[in-house]
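Turn these sequences into a full structure, and let the hints guide you.
In terms of the numbering used here, the sequence shown opens at residue 53 and continues consecutively.
I should point out that these hints are in silico values taken from the structure, not numbers from a laboratory. Each hint can be trusted.
Label pairs and their computed distance ranges (CB to CB):
1. H106 x A70: 17 to 23 Å
2. G114 x Q190: 30 to 36 Å
3. E130 x P86: 21 to 27 Å
4. A137 x A85: 30 to 36 Å
From the three backbone atoms N, C-alpha and C, an ideal C-beta is built for every residue, glycine too.
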Amino acid sequence: MVDAIDLTVPAEIGALDAVHDSIHAFSRRHGLAPRTSYALELVVDEFMTNVVEHGYEGLEPGPVSLLVTMVDGVIQGEIADEGHAFDPTAAPEPDITSDVAERAVGGLGVHLSRHLLDSLDYRRAGIRNIVRFRLTPQPT
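Next up, the structure:
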């Protein structure tokens, strides 16, 4: 039996508590180092929150699903929704060199996620956005 997070929640802020609880429990069960646990939580929170806040904009909120597994010592994740198409792998890099007060809002979470992950892939399958990622745990 594979130990996995496999849940589907409504794309609403209140539903993210169950996601956070699942990530924390997964991290504990696998004895993840704090740095790895934080990276996993940040990545999942960023992509799930983007779906909640932007994915269904102008639409009735729909589902967002999360699947996280540990395969051959590597964390593999998938986040899927039926909202507006958004490819985080094609999002422009934010300006991190100018003064904070002068920077455009947004983009830092995706930027951080891309740099924390081993791989990040996106595809649109019919009406579904599917984001897949891989993260190698750091030693404890």
